[in-house]
Amino acid sequence: MSDVLYMAWRYLVYHKVKTTILIASITLIVYLPVGLNVVVSQSAVSLTDRAKETPLIIGAKGSSLELVLNSLYFESSTPESMVFGESTRIFDSELAIAIPLYTPFRARAHPIVGTTIDYFDFRNLVIAEGRQIALLGECVVGAKAANHLEVRPGDFIVSSPESVFDFAGVYPLKMKVVGILKSHESPDDHAIFVDIKTTWVIKGLAHGHEDLSKPEAASRVLQISGGNIIANASVVQYNEISPANIDAFHFHGDPSAFPLTAAIVVPHDEKSATLLQGHYLGEGEQVQIIEPTQVMDDLLATVLAVQNYVITAVVLVSLSTLATMALVFMLSWRSRQREIETIHKIGGAKGRVLAIVASEIVVVLAMGIGFAAVLTGLTAIYGSEIIRVIIS
Amino acid sequence: MEDYRIGFIGGESYLLISIKHLGFGYPEGDFILQIPELSVGNEETVAIIGKSGTGKTTLLNLAAGIITPASGTIKINNEEITRFDDASRREFRIRNIGLVFQEFELLEYLTVLDNILLPYRMSPALALDASVRDRARKLTSLVGIDDKLMRNVGRLSQGERQRVAICRAVLPEPILLLCDEPTGNLDPTNTDRVLDILFEYVKSHHTTLVCVTHERENLNRFDRTIDFADYQEDP
Amino acid sequence: MKPHTIKRFRAVLVAIALLLPSCSRETSESSTQDAGDKNKPVICTVNYPLAYFAQRIGGKHLTIEFSSIKGDPAFWQPKAADVNKFQVADLILINGASYAKWLSIASLPQSKIVNTSAAFKDQYIDQSNSIKHAHGPSGEHDHGRIAFTTWLDPALAIMQAKAICRAFVREFPGHEAYFEKRYEELKLDLQKIDNALEHLLSDKQDVPLIMSHPIYQYLERRYGINAKRVLGTRCDSK
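In the order they appear, the protein sequences are chains Y, H and S. In this text, residue positions in the first sequence follow the numbering used here: the first is 76, and each later residue adds one. In this text, residue positions in the second sequence follow the numbering used here: the first is 3, and each later residue adds one. In this text, residue positions in the third sequence follow the numbering used here: the first is 15, and each later residue adds one.
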């Protein structure tokens, strides 16, 4: 048996190109449907788990899928914003707690998630290094984001401008890293967390500037009238919140009208959840309340349908590929008649050449399936990460 | 229809090959070989000459048991191979008969060493072990190709390829060596070299040699010459 | 002025003193209970009145924490470690009505915050024309648009205490009767103060009462006090 396998191996090695093409074809035929299934299954589990952990989400009316994806994964385009007052409304109902989220900003492709301390308890996020955010302008960073940005507690992260060309847009804010989160194997690992009020500072709804009532700021004052000081454009606005200037930061306007991307709603019990959902059924409602699991189930149903179509197409292509490979082996057999004759003449056992060719087929299949198994294994380990990179 | 009758031409000593009343014809029906009697003595070196199509190669194939006659008997070393079934003939052939072909008949995808060891990989009748490999290496050293063992045969010259073929044929230490125009594709220098190797081997190993050849200038090296043309008769 | 009027006036001053957050009173005595029993839920408050109410209601079942706030609680600026103490509390009682500006720069768990004046937002006093004043070394400042000393109105104080009681009952089940009973006792005390002040001041609406500090708005409104504020007054001035 080993002689047969050796001969088969030597033949395959000698015809490298043909062998490589055959093995690659088998690998693809096996890997494509299996790998796709693994990715979809993993994604389904991951999507479903994350959605199951999130009872309800409220957000502005519009695409529920976009709202859920942005709230759970901080990816996809930022949905229309709603007002912070809606989050307060949830608390006032005494049926649930609301965890506000504001996610329009990024720092070098990592989402900046404005939220409250409740988010960390809700997602069971633990500080691995440093401490929790305590004051305006501080941030804690997900494990993978920290590695990518190469930051540790004490370093600084600057928010990216919303648009390079929007000179009148929000100013980048320099935020102090006070903590690094323990890896959670979730989208939280890639995010930068700040207090919701810090994102409002980035938005320009709050700012800090030098004290205009002081003599040093006289050149920045246009007019003083009736207790109001009107400053000119040269007034220095702080782009970093530090212990020295935190007192100078103040909000303009009513916080209940400040923007949120969404709020995670955690009802106290099933009955509260039902009652709460009933509150948002009115036609005049500006917001929608949705169950992430339902949205994800709909998404997965669509994905599975597409997957089935893709697999059907792959199977059909695979059948034609297998037919082609069978033809290749038949032609190869025919071209080896001389070899068969030689072995017959020198007294080789009958069927030995057939055994060699059969072994070649087995080796090609085994290697193809083996490579497909390795690729599938790698997909199982890294597939979700690769998809996240592709999507972002 | 061509028909060749060959008469008794063997000696009185121990006969390695003994053919009697042999009749063979190809299925197409346009060629018939009839040999009333033919013998080759043990350790004898015999050259077979004649025009193309006279049945020289067919005779070698019959003697090797590659094809079977329609009638008559063929004995090799007193074994009546015409009675053997296909598997037995193959086993007998690979153990006892070495074959060298005009076209070398090497496997292009194997190295020199693997080609030489081919009989041992192709039949359970021969066991490949360290002593066989050692013997193979010594053979290559004798014929001057020991520095090319791991080279694919496609990269060898014609003369080197035939030397590989010879090594393959003699490695199982056969009692009979059948060569079908072994120098037909070689230049004069390689022809002499190959013939030297063959004769040196058969002499040192007491092997019987039957060689189909077109080169009359080398006939004097053989003990005996059989000319198929002498026995061509009109139908 | 008649002697009984002077006596009543002194009583008013005493009552006010009980409910007044002073200009720069040190709060070293403001920790109402030692944190010796670490198994009890911890309640953090932003000022002394709320700490007092919480202690009166929570009693032996809760630990009330107020000691980390130094200086005037309304203008206290916390460090990160101070905020962390609030973060790990089981409940955080805030006054509402824009009290404690530091809340706008601190990161606190919203689910644990109880706004004790949320139920009477419509009764907040808007003081858009705030007068700046100065006292102590910090220089001039004002107290913001919304008046925040809501507890000076005993009726509002009772509502704040009620909010605290409801929060305790919701968050720490099993002691409802205990909390309710103690709330009722506190309510009775506050009502007594209210009645006393009402009785004292009901016929004094024409009598001007000089206020050293622009923070008595709720007291003034409750009893119709004819308050006169002194501009630029300093606590340390004679």
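Quick caveat, the hints were computed from the structure, so don't treat them as lab data. Heads up, a few of these hints could be off.
[Stated by the list, open to error] FRET-style restraints, in silico, Cβ to Cβ:
no.: 1; chain 1: H; residue 1: 146; chain 2: Y; residue 2: 395; range: 23 to 33 angstroms
no.: 2; chain 1: S; residue 1: 187; chain 2: Y; residue 2: 160; range: 51 to 61 angstroms
no.: 3; chain 1: H; residue 1: 28; chain 2: Y; residue 2: 99; range: 18 to 28 angstroms
no.: 4; chain 1: Y; residue 1: 167; chain 2: S; residue 2: 203; range: 27 to 37 angstroms
no.: 5; chain 1: S; residue 1: 112; chain 2: Y; residue 2: 136; range: 52 to 62 angstroms
no.: 6; chain 1: Y; residue 1: 318; chain 2: S; residue 2: 220; range: 49 to 59 angstroms
no.: 7; chain 1: Y; residue 1: 383; chain 2: S; residue 2: 112; range: 36 to 46 angstroms
no.: 8; chain 1: S; residue 1: 216; chain 2: Y; residue 2: 136; range: 39 to 49 angstroms
[What the hints assert, rightly or not] Here are the computed lysine-lysine pairs in the BS3-like style, where the Cα-Cα straight-line distance is at most 25 angstroms:
no.: 9; chain 1: S; residue 1: 242; chain 2: S; residue 2: 218
no.: 10; chain 1: S; residue 1: 201; chain 2: Y; residue 2: 257
no.: 11; chain 1: H; residue 1: 140; chain 2: Y; residue 2: 257
no.: 12; chain 1: Y; residue 1: 251; chain 2: S; residue 2: 93
no.: 13; chain 1: S; residue 1: 135; chain 2: S; residue 2: 54
no.: 14; chain 1: S; residue 1: 242; chain 2: S; residue 2: 201
no.: 15; chain 1: Y; residue 1: 346; chain 2: Y; residue 2: 136
no.: 16; chain 1: Y; residue 1: 127; chain 2: Y; residue 2: 249
no.: 17; chain 1: H; residue 1: 140; chain 2: H; residue 2: 150
no.: 18; chain 1: Y; residue 1: 425; chain 2: Y; residue 2: 127
no.: 19; chain 1: S; residue 1: 176; chain 2: S; residue 2: 74
no.: 20; chain 1: S; residue 1: 135; chain 2: S; residue 2: 115
no.: 21; chain 1: H; residue 1: 77; chain 2: H; residue 2: 140
no.: 22; chain 1: H; residue 1: 77; chain 2: Y; residue 2: 420
no.: 23; chain 1: S; residue 1: 218; chain 2: S; residue 2: 195
no.: 24; chain 1: Y; residue 1: 251; chain 2: S; residue 2: 115
no.: 25; chain 1: S; residue 1: 176; chain 2: S; residue 2: 195
no.: 26; chain 1: Y; residue 1: 420; chain 2: H; residue 2: 53
no.: 27; chain 1: S; residue 1: 93; chain 2: S; residue 2: 74
no.: 28; chain 1: S; residue 1: 218; chain 2: Y; residue 2: 278
no.: 29; chain 1: S; residue 1: 93; chain 2: Y; residue 2: 249
no.: 30; chain 1: S; residue 1: 115; chain 2: S; residue 2: 54
no.: 31; chain 1: S; residue 1: 218; chain 2: S; residue 2: 176
no.: 32; chain 1: H; residue 1: 77; chain 2: Y; residue 2: 425
no.: 33; chain 1: Y; residue 1: 219; chain 2: Y; residue 2: 251
no.: 34; chain 1: S; residue 1: 115; chain 2: S; residue 2: 74
no.: 35; chain 1: Y; residue 1: 91; chain 2: H; residue 2: 140
no.: 36; chain 1: S; residue 1: 195; chain 2: Y; residue 2: 251
no.: 37; chain 1: Y; residue 1: 219; chain 2: Y; residue 2: 257
no.: 38; chain 1: S; residue 1: 135; chain 2: S; residue 2: 74
no.: 39; chain 1: Y; residue 1: 249; chain 2: S; residue 2: 115
no.: 40; chain 1: H; residue 1: 205; chain 2: H; residue 2: 53
The C-beta atom is built at its ideal place from N, Cα and C for all residues, glycine as well.
Going down the list of hints, with the structure as the test:
no.	hint	in the structure
1	H:146 to Y:395: 23 to 33 angstroms	violated (52 angstroms)
2	S:187 to Y:160: 51 to 61 angstroms	violated (30 angstroms)
3	H:28 to Y:99: 18 to 28 angstroms	violated (45 angstroms)
4	Y:167 to S:203: 27 to 37 angstroms	holds (29 angstroms)
5	S:112 to Y:136: 52 to 62 angstroms	violated (32 angstroms)
6	Y:318 to S:220: 49 to 59 angstroms	holds (50 angstroms)
7	Y:383 to S:112: 36 to 46 angstroms	violated (59 angstroms)
8	S:216 to Y:136: 39 to 49 angstroms	violated (54 angstroms)
9	S:242 to S:218	holds (14 angstroms)
10	S:201 to Y:257	violated (47 angstroms)
11	H:140 to Y:257	violated (68 angstroms)
12	Y:251 to S:93	holds (15 angstroms)
13	S:135 to S:54	violated (32 angstroms)
14	S:242 to S:201	violated (30 angstroms)
15	Y:346 to Y:136	holds (24 angstroms)
16	Y:127 to Y:249	violated (35 angstroms)
17	H:140 to H:150	holds (13 angstroms)
18	Y:425 to Y:127	violated (64 angstroms)
19	S:176 to S:74	holds (18 angstroms)
20	S:135 to S:115	holds (17 angstroms)
21	H:77 to H:140	violated (32 angstroms)
22	H:77 to Y:420	holds (18 angstroms)
23	S:218 to S:195	violated (35 angstroms)
24	Y:251 to S:115	holds (22 angstroms)
25	S:176 to S:195	holds (12 angstroms)
26	Y:420 to H:53	holds (23 angstroms)
27	S:93 to S:74	violated (30 angstroms)
28	S:218 to Y:278	violated (52 angstroms)
29	S:93 to Y:249	holds (19 angstroms)
30	S:115 to S:54	violated (29 angstroms)
31	S:218 to S:176	violated (30 angstroms)
32	H:77 to Y:425	holds (23 angstroms)
33	Y:219 to Y:251	holds (17 angstroms)
34	S:115 to S:74	violated (31 angstroms)
35	Y:91 to H:140	violated (31 angstroms)
36	S:195 to Y:251	violated (48 angstroms)
37	Y:219 to Y:257	holds (9 angstroms)
38	S:135 to S:74	violated (31 angstroms)
39	Y:249 to S:115	holds (23 angstroms)
40	H:205 to H:53	violated (29 angstroms)
Comparing the model with each earlier hint shows violations of hints 1, 2, 3, 5, 7, 8, 10, 11, 13, 14, 16, 18, 21, 23, 27, 28, 30, 31, 34, 35, 36, 38, 40; every other hint is respected.
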